[in-house]
Amino acid sequence: MLIPHPLLGPRDAAEFVYLGDAGLLERPVVDDLAGNPAILGDTATLDAFHEYLHLRTNPAGVHRELWFHEQGDRSWLVVTRDTVTHEVTGCELATDVVRGDVVRDGATATGPAPA
Amino acid sequence: MRYSAWKVLKEGLTGHTGWEAAFPDPDPKPAYDVVIVGGGGHGLATAWYLASVHGITNVAVLEKGWLGGGNIGRNTTIIRSNYLLPDNEPFYELSLKLWEGLEQDVNYNAMVSQRGILNLAHSDAQMDAYARRGNAMHLAGAGGKLLDTAGVRRLAPYLNIDDARFPIKGGLWQERAGTVRHDAVAWGFARAASSRGVDVIQNCEVTGIRRENGRVVGVDTDRGRIDAGKVAVCVAGSSSRVMAMAGMRLPIESHVLQAFVSEGLKPVIPGVVTYGAGHFYISQSDKGGLVYGGDIDGYNSYAQRGNLPTVEDVAEGGLSLMPMIGRAKMLRSWGGIMDMSMDGSPTIDRTDIPGLYFNGGWCYGGFKATPASGYCYAHLLATDTPHPSATGYRLDRFRTGHPIDERGAGAQPNLH
Numbered sequence: 001m002l003i004p005h006p007l008l009g010p011r012d013a014a015e016f017v018y019l020g021d022a023g024l025l026e027r028p029v030v031d032d033l034a035g036n037p038a039i040l041g042d043t044a045t046l047d048a049f050h051e052y053l054h055l056r057t058n059p060a061g062v063h064r065e066l067w068f069h070e071q072g073d074r075s076w077l078v079v080t081r082d083t084v085t086h087e088v089t090g091c092e093l094a095t096d097v098v099r100g101d102v103v104r105d106g107a108t109a110t111g112p113a114p115a
Numbered sequence: 001m002r003y004s005a006w007k008v009l010k011e012g013l014t015g016h017t018g019w020e021a022a023f024p025d026p027d028p029k030p031a032y033d034v035v036i037v038g039g040g041g042h043g044l045a046t047a048w049y050l051a052s053v054h055g056i057t058n059v060a061v062l063e064k065g066w067l068g069g070g071n072i073g074r075n076t077t078i079i080r081s082n083y084l085l086p087d088n089e090p091f092y093e094l095s096l097k098l099w100e101g102l103e104q105d106v107n108y109n110a111m112v113s114q115r116g117i118l119n120l121a122h123s124d125a126q127m128d129a130y131a132r133r134g135n136a137m138h139l140a141g142a143g144g145k146l147l148d149t150a151g152v153r154r155l156a157p158y159l160n161i162d163d164a165r166f167p168i169k170g171g172l173w174q175e176r177a178g179t180v181r182h183d184a185v186a187w188g189f190a191r192a193a194s195s196r197g198v199d200v201i202q203n204c205e206v207t208g209i210r211r212e213n214g215r216v217v218g219v220d221t222d223r224g225r226i227d228a229g230k231v232a233v234c235v236a237g238s239s240s241r242v243m244a245m246a247g248m249r250l251p252i253e254s255h256v257l258q259a260f261v262s263e264g265l266k267p268v269i270p271g272v273v274t275y276g277a278g279h280f281y282i283s284q285s286d287k288g289g290l291v292y293g294g295d296i297d298g299y300n301s302y303a304q305r306g307n308l309p310t311v312e313d314v315a316e317g318g319l320s321l322m323p324m325i326g327r328a329k330m331l332r333s334w335g336g337i338m339d340m341s342m343d344g345s346p347t348i349d350r351t352d353i354p355g356l357y358f359n360g361g362w363c364y365g366g367f368k369a370t371p372a373s374g375y376c377y378a379h380l381l382a383t384d385t386p387h388p389s390a391t392g393y394r395l396d397r398f399r400t401g402h403p404i405d406e407r408g409a410g411a412q413p414n415l416h
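Residue numbers (the working numbering), protein chains in the order written: chain A, 1 to 115; chain B, 1 to 416.
Treat the hints as calculated values from the structure; they're not laboratory data.
Heads up, a few of these hints could be off.
Unchecked claim - Computed far set for chain A versus chain B, every beta-carbon distance over 10 Å:
{"id": "1", "residue": "Met1"}
{"id": "2", "residue": "Leu55"}
{"id": "3", "residue": "Arg81"}
Unchecked claim - On the chain B side, residues computed to face chain A include the following (Cβ under 7 Å):
{"id": "4", "residue": "Trp187"}
{"id": "5", "residue": "Arg241"}
{"id": "6", "residue": "Met245"}
{"id": "7", "residue": "Glu253"}
{"id": "8", "residue": "Ala277"}
{"id": "9", "residue": "Gln304"}
{"id": "10", "residue": "Asn307"}
{"id": "11", "residue": "Tyr364"}
{"id": "12", "residue": "Thr383"}
{"id": "13", "residue": "Gly410"}
{"id": "14", "residue": "Ala411"}
All values reported here derive from a predicted model rather than from experimental measurement.
Don't be surprised by glycine CBs; every beta carbon is placed ideally from N, CA and C.
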């Protein structure tokens, strides 16, 4: 597989380390942790972190996922790839995705990519 | 029809005209007590133990493809029970004991061959870890023996024992481990379950899970609706896709694992050998081919084929462990899709939806677990309580903080 790095062009996937679903960019926000430390034991908070850390949609088809260019420029990328065909259809810098610089039609930062 | 040496002799003398089909090919009935989704090894084993242990025979096994076409026919055929953690070891030892009596139990030759497994250690720390693991095995009655360098040399003198970088310090030897003809396991369980009245239905894809008043009442298939008292999902590799039909997200990612076979060679490897300094394991089939594998490719995949960097990585592991195989030609390779769970351990449990049960998350250790997985899943389906050997394999163990992390890699499936 080749990863179309936005800065370096197509790079061999063997240069990268894989982390998983790009949903990992959206860690639950804990409101007012300093004022209310007990919130970490709160059921809703635990549910949110359990879902974030352990549960995956794991689609057969288009998947947005995090790759780290360990043997390259050490950037984190959000790669859009089909898990059935291994075809890579998109690649953005994760920092751009998090900042919201990447605007795609109707899609959120880690939502499904346009068809 | 029972298979026996006498039957083989008789058929040999009468022109092999008396053999019947091993199992029938029925059409689905409108309703069953239990519908098992997935006719792989685990699903068929579940059907067999439901029928033989619990007397529940109004059961259908629905298989999208054909028997032996999924992971039961794609693994590297190894059986063993050399685990460490108390939630794992008794379960896998139960499995090994079931393997030991399997052929007599189902009256089918699955070529169970207890030729042993040797896990190699390359450092003092690894030897300590294997001593601890061996003790855990003995506590569960699984046996096991810690070998020093000389012991390893006696078993497998051709290994790269005196390597400067990864010298072999010893190993953990489990004599009762071995290999099994993997697709015969599917056929044997299917034949045995069919003989007790179970319907094994191939080419029948489940397209939906039906619910009424919150309870699961059956499935939709491409061959019509089938009502069920209980629906037992058992489709490791595709668990997320099937459970999504019931609106569930799982602690599982699907990854591709490759396996390889060399050309046929004279007998050389006594059992299964695993490398301790890289991820590589190898055995030799009865036909002489070297059967070997290594790591998963490492990224989510449903493709049933892998990529070349992993082929190279596995070959490098093999050459550093056993330089002599460098002259052997690789004959074929293939990929299978693994349910990689968040802690590397499986799940056999009820779900929050009444009537819906789940068995999956076997990572790349599912084959050796086949009989115990079916045995414990059947126990759960029949009694609604977990089998004592499988109480740790709960679906909610991540939420409650009780993962079974044999590898100690945390919630990152591609590291298990």
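Hints, verified against the model:
For Met1 of chain A, the requirement that its beta carbon stay farther than 10 Å from each beta carbon of chain B is not met, with the minimum near 6 Å. With a cut of 10 Å on Cβ distances, Leu55 of chain A falls inside the contact zone with chain B, its closest approach being about 4 Å. A beta-carbon of chain B is positioned within 10 Å of the beta-carbon of Arg81 of chain A; the least distance is around 8 Å. Violation of the interface hint for Trp187 of chain B is found here, the shortest Cβ-Cβ separation to chain A being roughly 28 Å, above the 7 Å cut-off.
Interface restraint check for Arg241 of chain B: the shortest CB-CB distance to chain A comes to about 6 Å, inside 7 Å, so the restraint holds. Here the hint on Met245 of chain B is broken, as its CB sits about 13 Å from the closest CB of chain A, past 7 Å. The beta carbon of Glu253 of chain B is positioned within 7 Å of a beta carbon in chain A (closest approach about 5 Å), and the interface hint is therefore held. Checking Ala277 of chain B against chain A: minimum C-beta separation of about 20 Å lies over 7 Å; hint violated.
A distance limit of 7 Å between C-beta atoms decides the matter here; for Gln304 of chain B the minimum to chain A is near 9 Å, and the interface restraint is violated. With a cut of 7 Å, the hint placing Asn307 of chain B at the interface with chain A holds, because the nearest CB-to-CB distance is about 6 Å. Hint status for Tyr364 of chain B: violated, given a least beta-carbon distance of 16 Å to chain A, over 7 Å. Residue-level restraint check for Thr383 of chain B is violated (minimum Cβ-Cβ distance to chain A is 28 Å; threshold 7 Å).
For the restraint placing Gly410 of chain B at the interface with chain A, the shortest Cβ-Cβ distance is roughly 9 Å, beyond the 7 Å limit, so the hint is violated. For the restraint placing Ala411 of chain B at the interface with chain A, the shortest Cβ-Cβ distance is roughly 5 Å, inside the 7 Å limit, so the hint holds.
The structure fails to meet hints 1, 2, 3, 4, 6, 8, 9, 11, 12 and 13 from the earlier list, while all remaining hints are met.
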